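> Protein chains in written order, with the working numbering: chain A, 1 to 243; chain B, 1 to 309.
Note that these hints are calculated values from the structure, not bench results.
Since this is a predicted model, take the numbers as computed values, not measurements.
Check each hint, because a few of them may be wrong.
Subject to a maximum C-alpha distance of 20 Å in a straight line, what follows is the list of computed SDA-like cross-link-like pairs (lysine to any residue) [as the list claims (entries may be wrong)]: (1) A:K78 x B:R202; (2) A:K171 x A:D217; (3) A:K155 x A:A3; (4) A:K132 x B:G180; (5) A:K8 x A:S95; (6) A:K72 x B:Y201; (7) A:K78 x B:H178; (8) A:K78 x B:S199; (9) A:K72 x B:L301; (10) A:K132 x B:G177; (11) A:K132 x B:E303; (12) A:K72 x B:E190; (13) A:K8 x A:R55; (14) A:K72 x B:S199; (15) A:K132 x B:E190; (16) A:K132 x B:D188; (17) A:K132 x B:M281; (18) A:K72 x B:G176; (19) A:K132 x B:T251; (20) A:K72 x B:E303; (21) A:K78 x B:W179; (22) A:K72 x B:Y205.
Derived DEER-like restraints, expressed as beta-carbon distance ranges [said to hold, decoys possible]: (23) B:L267 x A:Q113: 41 to 47 Å; (24) B:M292 x A:P127: 33 to 39 Å; (25) B:L169 x A:R55: 57 to 63 Å; (26) B:G176 x A:A129: 14 to 20 Å; (27) A:G70 x B:G284: 39 to 45 Å.
On the chain B side, residues computed to face chain A include the following (Cβ under 10 Å) [unchecked claim]: (28) G177; (29) L182; (30) R187; (31) A286; (32) L288.
Every residue gets a Cβ at the ideal spot worked out from N, C-alpha and C, and that includes glycine.
Take a look at the letters that make up each chain.
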Amino acid sequence: MSAVLTAKGLQKSFGAVKAAVDINLTFDPGTVVSLIGANGAGKTTFLNMVTGYLRPDSGQILFGERDIVGLKPRQITKLGISRSFQIPQLFNSLSVRENLLVAESIAAMDDPQAAADETLTRFELAPYAAQKAGLLPEGIRKLLDVSMALSSRSKLLLLDEPTSGVSADEKFAIMDVVMGAARAAGVTVIFVEHDMDIVARFAGRVVAFYDGGIIADGSPDTVLRAENVRRYVIGEEIPHAAA
Amino acid sequence: MKAAIVAIAPLVALTGLALLSPQWLVFMAMLALAKGVVVLGLLVLMRTGLVSFGQGLYFGIGAYAAALLSHHLHVADAAVMLLAGAAAAGLIAALLGLLLARYRDIFFAMLSLAFSMILYGVLVKSAALGSTDGFNLHARTFFGVALASGVERRVFLIAGAVCAVVVALLVHRLLGGHWGRLATGVRDNELRVAYLGASPYRVVYVNYLIAGAMAGLGGALAALAVGHVDPEMTYWTTSGEFVFIAILGGTQSILAPFVAASIFEALRTIASQYAPNVWQMSLGLAMLAIIMFLPAGLWTLAERRRRSV
C-alpha cells in the first residue's frame, strides 16, 4: 500500500536551534501514529512543516505522490490534510453549529446543514449546538476544534496535543470520541501527545522525538519501554545514567 | 421572502414622502438615503472586523464620476450617473483592495484614510476639476424620460429608495448565509479560516470591493441631491461621519444604517439651525451619549423592545 505521507530528509533550524534534523518518516493509510517528545523536541515543528505553516530548510514532504513543500496552509488543507491546534482555534462569536457550518461550507459540501448536524452528533456536540464557541468549557472547545478540522474531505488528520488543558478524567472520553470519528471517516491520524497512558491506549505506532531528531519509532510497547525514550521523553530517573 | 415584504414598507413610505413633502425634506431624505447606502457598505466591511476611515474616497469618486458625466460628456441621465458612480468606485476599490486587503486593524484604517486624503489633495489642486469649489451637475432625464424642472429631486428620491432597498436586500442575503458567517470567521480567527481551506485575504478583498461600490452609489445619489460636488466629499471628516453613523446605528440590522443616517441628518439640521456655532459639539455629545448608554448602537433600543414584548 502506498504511503499517505512521506517526509524525506527534512531539516529546519531557527538560528542556532535545530528543530528538525534529517527527519525521514512514512505514514501508511488508516494508521494512528503518536508523536512524543519533550517540549522543544520538534513535534509541533514537524506538524507545522506538513501543514505549510513553516517551510523546511531542505527536504521533501510528499502527500501521496505530490510534493507539498512551498504550498500555503490553505492549499494543503484543500488537498486533504487538516489539523487541530493545541489551543483550540475557533470562531468565538459564532455558535457551535455555525462554526461547523463555516467548516462544511468551505469544504464545498452539497448540503452543509446536514453535514454540520451529522458532525454535531458524531462528536457528541449536539447539546452545545446553539452556544457561542467563546463560552464553552475547554474540553468541548477541544472537541469542536477537532470536529471542524475533520471535514468531509480530510484524508490525513493532524492533532496537536488533543488532550492538553483537559482534566484527567475527561481525557479518555474525549479521545474515544475523536478516534471513533476519525475511524468512521477512514482518515489517517497523527497526534502529538504528552500523556503516555493516552499514547499507549490509542496509538498503533509511536515516534519519539529528541532534539529535532527521531530516537525511536515502532509499536507503543517497544518505544515506550526503550531506555532512551524513558530517559529523554518520559523523564524517568534511570540509575546508571546519573554518572 | 420575509425580508422582501418588510422592504416594501420603507419603499412605500419614501415614495409618499417624495410625492407629498416639501422640497427641503425631500433633499434631507435623499442625503440620509445616500449616506445610509455608504454606511451599509461599511457594515459589510466591518463584518470582517475592519473599519475604514476612508470611505469618503469612494463617496467622492461616485459623486465626481456622476458630475463629470454631466459636466464634460453632457450625459444628463440620472440612472446612468448612478451606475457610473458605483462602477467607478468599484473599479478603484478593486485596484486599491489588492493592497489594502493585506492590512488589518489600525493599519488598514489609516491606510484607507491616507488614500482618501490623496484624492482630496488631487481634487483641491486640479483646476480642471473645479479645485476647492467643485462644480455643478444637472440631471434632466431618468432612464431616458425627461423630467420637468422642480420634480427631479422627487423622482431621484424614489429612484434612490429603490436602489437602497435592492442593495439592502442583496446585503441581507449575502450576510445571512455562508458569506456572512465566513466574514465573521475572518474577524474572529483568520488562522482557522486558512486551516479550513479558505482565503481570509479574498473575503476581505470582496467585502472591501462591495463597500467601495456602495459608497460610490451613495456618492452619486448625494451628488444628484445636492446638484453640486466638491472635494469636501472625500475629506476625512466625511469619512468620519460614516463611521459615526455606523456606530450610531449599530451593526445588528441592515435597517440600522438608514435609521441612523436619518437621525444624523435631522440632528445636524436641528443643531445648525438652533445652535449654529456649536453644532459639531452637539453631535459630539450625542456620540458620547450613544457610546456610554447604547454601546451597540440605537438598534439596541429596538432589540430591547422586542425582548420585552
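> Run through the hints listed earlier and report the numbers of any the structure violates, in increasing order.
Going through the list in order, the structure violates hints 2, 5, 9, 17, 18, 20, 25, 27, 31 and 32 and respects the others.
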